[in-house]
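K.L.:
Residue numbers (the numbering used here), protein chains in the order written: chain A, 7 to 206; chain B, 300 to 477.
Rather than coming from a laboratory, the hints here were simulated on the basis of the structure.
Hints may be right or wrong, so weigh each one.
Straight-line Cα separation of at most 30 Å, DSS-like style, residue types lysine-lysine; simulated pairs [what the hints assert, rightly or not]:
1) K412(B) - K81(A)
2) K448(B) - K348(B)
3) K412(B) - K69(A)
4) K48(A) - K129(A)
5) K328(B) - K129(A)
6) K449(B) - K48(A)
7) K327(B) - K69(A)
8) K449(B) - K69(A)
9) K48(A) - K81(A)
10) K348(B) - K129(A)
11) K129(A) - K449(B)
12) K69(A) - K81(A)
13) K81(A) - K328(B)
14) K448(B) - K48(A)
15) K412(B) - K129(A)
16) K48(A) - K328(B)
17) K48(A) - K348(B)
18) K327(B) - K48(A)
19) K348(B) - K412(B)
20) K449(B) - K81(A)
Label-pair restraints from in silico Cβ distances [what the hints assert, rightly or not]:
21) H419(B) - Q74(A): 19 to 29 Å
22) R477(B) - S36(A): 22 to 32 Å
23) I304(B) - K129(A): 22 to 32 Å
24) R477(B) - G45(A): 36 to 46 Å
25) G167(A) - G446(B): 21 to 31 Å
26) I383(B) - S183(A): 33 to 43 Å
27) A381(B) - Q125(A): 38 to 48 Å
28) L382(B) - G45(A): 32 to 42 Å
29) D133(A) - V376(B): 42 to 52 Å
30) Y194(A) - E333(B): 39 to 49 Å
31) I13(A) - A375(B): 16 to 26 Å
32) G113(A) - Y332(B): 23 to 33 Å
33) L154(A) - A381(B): 29 to 39 Å
34) K129(A) - H419(B): 27 to 37 Å
Every value quoted in this text rests on a predicted model; they were computed, and no experiment measured them.
Note that CB positions come from ideal geometry on N, CA and C, so glycine has one too.
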Amino acid sequence: MVDLLNIVWFLLLASGIIVAALNGNIEVVSEAAISAAQGAVKICIDLVGIMALWLGIMKIAEKGGLIQALARLMKPLMLRLFPGIPPEHPALGAIILNLSANILGLGNAATPFGMRAMQEMQKLNTDSSEASTAMCTFLALNTSCITLIPATIIGVRVSLGSTNPTEIVGACIFATSIAMLMAVSLDYWFRTRSPWGGKG
Amino acid sequence: MLLSILTLISQWAIPFLLLAVPLYGMLKKVPVYESFVEGAEQGFYTAVKIIPFLVGMMVAISVFRASGAMDYLSRAVAPLTALIGAPSEILPLAVMRPLSGSAVLGMSTELMKIYGPDSHIGRLASVMQGTTDTTFFVLTVYFGSVGIKKYRYALLTGLTADISGFLASVYICNLLFR
């Protein structure tokens with residue numbers, strides 16, 4: 007099956023260029039492309055420091071046995087969600103840390119923990135160029151994860167003079183729960199029933 | 300009250316982790332500084348490895364947005380918003396949500412400036428900002444960090460979750476704030 011991503015990537019690029027050409031402002035394409043390419047590198051360079059900080063802290067937690075303890079604590083749930091990962095595997099601890107950081111709204115810390123989880127899952131992957139089932143489940147959880155403190159948007163609301171900046175928190179939690187439920191069910195359906203399933 | 304609790308948690312979460320984890324390490328007789336450096340070393344390689352993936356994705360998204368193609372897409376699906384009971388001003392936000400976090404933050408801030416943070420549109424924009432994640436960015440960065448180019452069904456799952464999150468935001472805002 008052709009990977010959906012190739013089609014989406016091509017469509018984004020091609021439709022953008024065609025629309026720009028039809029509107030007679032083709033010059034925006036080169037500028038957008040070049041500044042986005044530079045922006046992407048800047049994001050990665052900014053990420054270096056944050057990654058180093060949190061992966062360093064995580065190493066301490068790992069050597070002390072904290073990550074493993076965390077994984078044991080959540081074992082019943084994790085084994086059901088990730089049947090492809092052996093219990094006590096370091097990937098489980100990293101996944102828990104990533105999701106906890108997401109829930110607390112610590113986006114900065116979530117990314118390094120998530121990368122670490124991906125690296126650990128990659129060690130178990132049978133085809134290293136293709137996503138494993140565990141990775142798909144992890145990313146389904148990650149992208150739809152509940153945030154208890156949507157700090158950025160609360161900040162914007164405060165700065166714009168909202169009379170009740172946090173009134174949206176409950177609604178956010180409700181909407182994300184629905185999204186998460188959908189993601190987990192759909193992921194389960196894909197890995198068990200669809201032609202994409204059946205990989206370790 | 301809730302705001303001050305939330306502010307307190309966000310202010311304390313990182314200092315707490317930076318104290319608690321090394322303290323735990325010390326108690327477990329872990330060489331904390333050496334372990335920190337050992338872990339931190341990986342940060343550089345991981346971040347650099349993401350670059351080609353992020354460049355590819357961000358260029359495509361940026362061209363799509365700057366050319367005005369995104370506006371056309373928003374307008375094309377606009378009749379659908381009336382169907383689900385959402386104001387049409389909110390639609391570009393929903394279309395952009397999975398693609399670019401910074402663009403969405405800019406757009407929702409703009410909407411709140413125009414209509415006010417406590418208007419229906421303002422609240423809906425806030426809820427959508429606080430719901431779901433930038434699916435494309437997350438998949439690009441996470442898969443990129445381990446060199447995976449074939450995503451299987453991960454993109455489809457993420458995008459369906461985004462749509463469900465959008466519909467749920469509209470539903471809950473109509474229920475609570477109207």
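K.L.:
Run every hint past the structure and note whether it holds.
P.N.:
Quick rundown of the hints versus the structure:
Annotation: proposed proximity of K412(B) to K81(A) is violated, straight-line Cα distance about 46 Å (limit 30 Å). The straight-line distance between the Cα atoms of K448(B) and K348(B) is roughly 13 Å, inside the 30 Å bound, and the hint therefore holds. With a C-alpha separation of about 49 Å, the suggested pairing of K412(B) with K69(A) is violated against the 30 Å cut-off. The suggested pairing of K48(A) with K129(A) holds, with an alpha-carbon distance near 29 Å, which does not exceed 30 Å.
Between K328(B) and K129(A), the direct Cα distance comes to roughly 29 Å. Compliance with the 30 Å bound is thereby established for this hinted pair. Restraint check for K449(B) and K48(A): satisfied, since their Cα atoms lie roughly 25 Å apart, inside the 30 Å limit. Between the alpha carbons of K327(B) and K69(A) the distance comes to roughly 9 Å, so the proposed pair stays at or under 30 Å and holds. Among the hinted pairs, K449(B) with K69(A) is inconsistent with the structure: their alpha-carbon atoms are about 33 Å apart, more than 30 Å.
Note on K48(A) and K81(A): the hinted pairing is violated, with a Cα-Cα distance of about 38 Å set against a maximum of 30 Å. For the proposed pair K348(B) and K129(A), the alpha carbon gap of about 17 Å is at most 30 Å, so the pair holds. Between K129(A) and K449(B) the CA atoms are separated by roughly 16 Å; this keeps the pair inside 30 Å, and the hint holds. A C-alpha spacing of about 20 Å is found between K69(A) and K81(A), which places the hinted pair at or below 30 Å, so the restraint holds.
Only pairs whose Cα atoms come within 30 Å are accepted, and K81(A) paired with K328(B) is accepted, the gap being roughly 26 Å. A C-alpha spacing of about 22 Å is found between K448(B) and K48(A), which places the hinted pair at or below 30 Å, so the restraint holds. Taken as a hint, the K412(B) and K129(A) pair is broken in the structure, with Cα atoms around 48 Å apart against an allowance of 30 Å. Taking the CA atoms of K48(A) and K328(B), the gap is near 38 Å; set against the 30 Å cutoff, the hint is violated.
Between K48(A) and K348(B) the CA atoms are separated by roughly 13 Å; this keeps the pair inside 30 Å, and the hint holds. Only pairs whose Cα atoms come within 30 Å are accepted, and K327(B) paired with K48(A) is rejected, the gap being roughly 38 Å. Straight-line distance between C-alpha atoms of K348(B) and K412(B) comes to about 39 Å, which puts the hinted pair past the 30 Å bound. Distance check on the hinted pair: K449(B) and K81(A) sit about 29 Å apart at the alpha-carbon level, within 30 Å; holds.
The hint said 19 to 29 Å for the Cβ distance between H419(B) and Q74(A), and at roughly 48 Å that hint is violated. A C-beta distance of roughly 45 Å is found between R477(B) and S36(A), which places it outside the suggested range of 22 to 32 Å. A hinted range of 22 to 32 Å for the beta carbons of I304(B) and K129(A) is inconsistent with their spacing of about 40 Å. In this structure the hint that R477(B) and G45(A) lie 36 to 46 Å apart at CB holds, the actual value being about 39 Å.
Between G167(A) and G446(B) the beta carbons are some 47 Å apart, a value that contradicts the proposed interval 21 to 31 Å. Separation of I383(B) from S183(A) is about 19 Å and departs from the stated range, judged on CB atoms against 33 to 43 Å. Separation of A381(B) from Q125(A) is about 46 Å and conforms to the stated range, judged on CB atoms against 38 to 48 Å. Taking 32 to 42 Å as the suggested C-beta distance range, the pair L382(B) and G45(A) conforms, at roughly 36 Å.
A hinted range of 42 to 52 Å for the beta carbons of D133(A) and V376(B) is inconsistent with their spacing of about 36 Å. Restraint check, Y194(A) to E333(B): a C-beta distance of roughly 42 Å satisfies the suggested window 39 to 49 Å. Our hint of 16 to 26 Å for I13(A) and A375(B) holds, since their Cβ atoms are close to 18 Å apart. For G113(A) and Y332(B), the hinted distance range of 23 to 33 Å is satisfied, since their beta carbons lie about 26 Å from each other.
A hinted range of 29 to 39 Å for the beta carbons of L154(A) and A381(B) is consistent with their spacing of about 33 Å. The given range of 27 to 37 Å is broken by K129(A) and H419(B), whose C-beta atoms sit roughly 49 Å from each other.
The structure fails to meet hints 1, 3, 8, 9, 15, 16, 18, 19, 21, 22, 23, 25, 26, 29 and 34 from the earlier list, while all remaining hints are met.
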